[in-house]
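**Student:** Chains A and B supply the protein sequences, listed in that same order. Position in the first sequence (first residue = 1) + 4 = my numbering. Position in the second sequence (first residue = 1) + 355 = my numbering.
Keep in mind that the hints are not guaranteed to be accurate.
Computed beta-carbon distance windows for the label pairs [what the hints assert, rightly or not]:
hint: 1; chain 1: B; residue 1: G780; chain 2: A; residue 2: I90; range: 40 to 50 Å
hint: 2; chain 1: A; residue 1: D102; chain 2: B; residue 2: L517; range: 32 to 42 Å
hint: 3; chain 1: A; residue 1: R104; chain 2: B; residue 2: R804; range: 45 to 55 Å
hint: 4; chain 1: A; residue 1: D101; chain 2: B; residue 2: V493; range: 38 to 48 Å
hint: 5; chain 1: A; residue 1: T66; chain 2: B; residue 2: R804; range: 26 to 36 Å
hint: 6; chain 1: B; residue 1: I778; chain 2: A; residue 2: D102; range: 47 to 57 Å
hint: 7; chain 1: B; residue 1: N893; chain 2: A; residue 2: A73; range: 29 to 39 Å
The hints are simulated quantities; they were obtained by calculation from the structure and are not laboratory data. Computed from a prediction, not measured in an experiment: that's the story for all the values here. Quick reminder that beta carbons are idealized off the backbone N, C-alpha and C, glycines included.
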Amino acid sequence: MSDEPFRRVLVPIANEADARVTGKAVADRFDDSTLIPIYVVEKAGGAPDAAGVEQREEFAETLFKIFEAVIDESTLIVEPTVGYGIDVAATILEVADDERADAIVFVPRSESRWRQLLTGDVARKLINRTDRPVLILPGDRDE
Amino acid sequence: MSDEELAKDLGLIPAMTIGIGTMIGAGIFVLPGEAAQGTGPIVVISFLVGGLIAMVNALSVSELGTAMPKAGGAYYYVNRALGPLFGSISGLGDWLGLAFASAFYTIGFGRYLGELVELPSILFLSNVQVGAIVAGAVFVGVNYIGAKETGGVQTIIVSILLAILGIFTIAGWFAFDWGTVSGSGGYTPFGTAELLPATGLVFVSFLGYAKIATVGEEMKNPGRNLPIAIVGSVAIVTVLYGILVTIMLGVVPWPDLDLEAPVAQATEVAFPGNYAGAAAVIMALGALLATASSANASILASARINFAMGRDKIVNDWLNEIHPRFATPYRSIIVTGGLILVFVILMGGDVKVLAEAASVLHLIVYALMNAALIVFRETEHPDYDPDFTVPLYPIVPILGFVLSLGLIYFMDTTSQILAVVFIVGAVLWYVLYARYRTPIQGVLGEYVRDRSEEMPDIAVSAAEAASPDATAPYNVMVPVSNPRTEDELVALGCTMANQKGGVVHAVHVVQVPDQTSLDYVADQIERIDDESDQLFENARAVAAEYDVDIETHTVVSHRSLEEVVDSAERLNADTVVMGWSPSRPWTSGRTGGALDELTTNLPCDFLVFKDRGFDPSRVLVPTAGGPDSDLSAEAAKALRDVHGADVSILHVVDEDTDRAKGTAFLGTWADDHGLGNATLLVETDGNVEGAIERAANDHTMVVLGATRKGLLSRLVGGSLVFDVVDEVDCSVLLAERPAKRSLRERLFGRPGVEASTETEEGEPKMESGT
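Use the sequences and the hints to build the structure in full.
**Tutor:** Shown next as structure tokens:
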């Protein structure tokens, strides 16, 4: 990939399609790396969450299974993790730090403008605030 | 901070505001007019009695909530304790009760909205119903997209509400007149008999506190904060209702109290002329905030209950899919929203019906919940360890049970009929749907069944009848592929199944090379079917001899061993019985880490048979204690009970001086594992393998517990460590009991209540067989 290979790669995933597309994209482009798929359970910071914590942890587990199933590559190690935070982008960056990730890799999802407005566009925030390489991979257009 | 702490970000004050915010909407803003006109001034006492009943139940919720801070609240406790029949009643009751309550809240919202703006009436719908439908749709929409409500907002809303009500209290105090309260006919114009029916009506005002328990999993320090928030919020609103309703009755004579928007009316009277209009508007806005907050919290709580029920398969988990973009349980929210709108449309004309329907269903749930608490305590369930305990046990839960059901007795006939219809419906739901799906068995059922000797027959048969079908079978899976060894394996599987009254699943795993596409194989399915049929016919014949039920499955896969593990998981197998030979092509497919992970995380017990003939007449069990040899003991016991095998147990110690200790250990071990009449053998040369080989000469089968390192992974890796398997002349049955850790547990490191019953046995001091 580069002179300094990305050994530990943090891969944020948000839903099933994302897990599939991103999983394929990283499997095609990395060898000998540890992939750390992360799902962030968005917290309300003192109000009841939109969905229960356990429910989203189960959801995360489903995503990780899909991710692992797509990555059928013996040289890659997959270490799923779950993050919790009010701000999704900030949580991803914190976990990247904790996990000593060399890079954060994602496949952009097409999001409508108003949706980005509502949710604060995680991708943009990630890029603006990052303290380590962020790699944006094209997904498979057919998905 | 650990992840677990990060997941719990609900502090005491926000938790309490959930309770207060949910409760404050209805009682004060909607019902005083309705309740007072049927009861007279003693309606204040009705509110206080409602608060008292709520408080008794709040104590019970607190205890259960600190023992099990899980999503689902009351449903979860009842299902665990009383089993899925009552679980279905409480889950559906809580859910529908919330939908009725939400419909009631949105009607309240519609009424106060009508005070502020002109609402049209459409078709047969009144203007209030139109306002309620719009409001309901907005609440559902907000929850659907999960628009972010932060703790700050919730606290601010409740603070504003308390401030508005505080100002009203002060202004009302000056306009207050005891003469107005007693008015015409004194305090009890309709007699005291109306007191409790009115309590039934206004009880809907106290439903919010239990919602705190449904979000218990998100609370910081739930052991302390949950009881304080629940009991505290009930105490606060009870006092508040007492004061506010008294003041209202002292400001406006009760026969004149407005049915639609009593608080706005009282405000207008209480404030001096030139402020009256503005004050009434502010009060109406406060009422909108309050009813919206109640409805919103109820919709959120419904989704948690749906999730908990879906996980236990009482309802279809389809309901609980998470939205791919919004990360909300959107289907559950839509279905609940649909119910709310239906209730508003059909019953919104009479707010009393909605209020009583919500009350009556919750009262049923609360009664069951108190029973659940008593069951947990009386059965001394090992997982039940509440941080908060109700005072004066068992008086408080018994009181909660009696008061909850007792209040139903005083309610409208319509509500009582609804309660009966609902219970019949919920029981039918369980009998026709949930019974076949849910794997949960309640603590009570287990307790009665475990003591079937001491318990009266009627209790045992009732427990059997009410227990779910899905838990009944003990599933033994036998992968069959080789007609030569098949019979022995099926016989072993039947032996295990026979002893535990279980079912054998014969699974034919058709392995095809990686290069062959599974689609291609599907075309060849006829040929495979013939092969399967042959295998299954033999299997059925064996099963018939053992009088064991058998089911057959054919699976086509690239990877045979992984398929075995997957199938075991799919079939919910308790034990897998499989054959082993060194030439088995187990290593095809992927190697290394993934396989290691697979085989060290077995989904169930594995018995691997090295076949040198199936002769269970003299069985040798070497043991050093530990979880794997528990499984060897079970297998040996099955062989003894089904085939009359003579069982010997072998233990090896290092020194001759340890012989007595070894014998003592074996005696205890044999008794503990139901092998009291076995022959005890103690060897003292410290050479385990040698001892087993020597002893095996006198036996026809050796049952060997694997070490904790992972039997299957060693077999698969080709580095068979159990030299002893090759050295002895008789058949060997290798037993491995998994360290039960699912992906979920690896990730989150906190097994559920059920899983935590697995005691972490200490590592055996000496491994058998190595």
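**Student:** Hint by hint, say whether it matches the structure.
**Tutor:** Now for the hints, and whether the structure bears them out:
Take G780 of chain B and I90 of chain A: their Cβ atoms lie about 41 Å apart, and the range 40 to 50 Å holds. At roughly 41 Å, the beta-carbon separation of D102 of chain A and L517 of chain B lies within the given 32 to 42 Å, and the hint holds. At about 52 Å, the CB distance of R104 of chain A to R804 of chain B agrees with the hint of 45 to 55 Å. Judged by the Cβ atoms, the range 38 to 48 Å given for D101 of chain A and V493 of chain B holds: they are separated by roughly 40 Å.
Our hint of 26 to 36 Å for T66 of chain A and R804 of chain B holds, since their Cβ atoms are close to 34 Å apart. Between I778 of chain B and D102 of chain A, the C-beta spacing of about 51 Å keeps the proposed range 47 to 57 Å intact. Separated by about 35 Å at the C-beta atoms, N893 of chain B and A73 of chain A satisfy the suggested range of 29 to 39 Å.
Violated hints for the displayed structure: none, as all numbered hints are satisfied.
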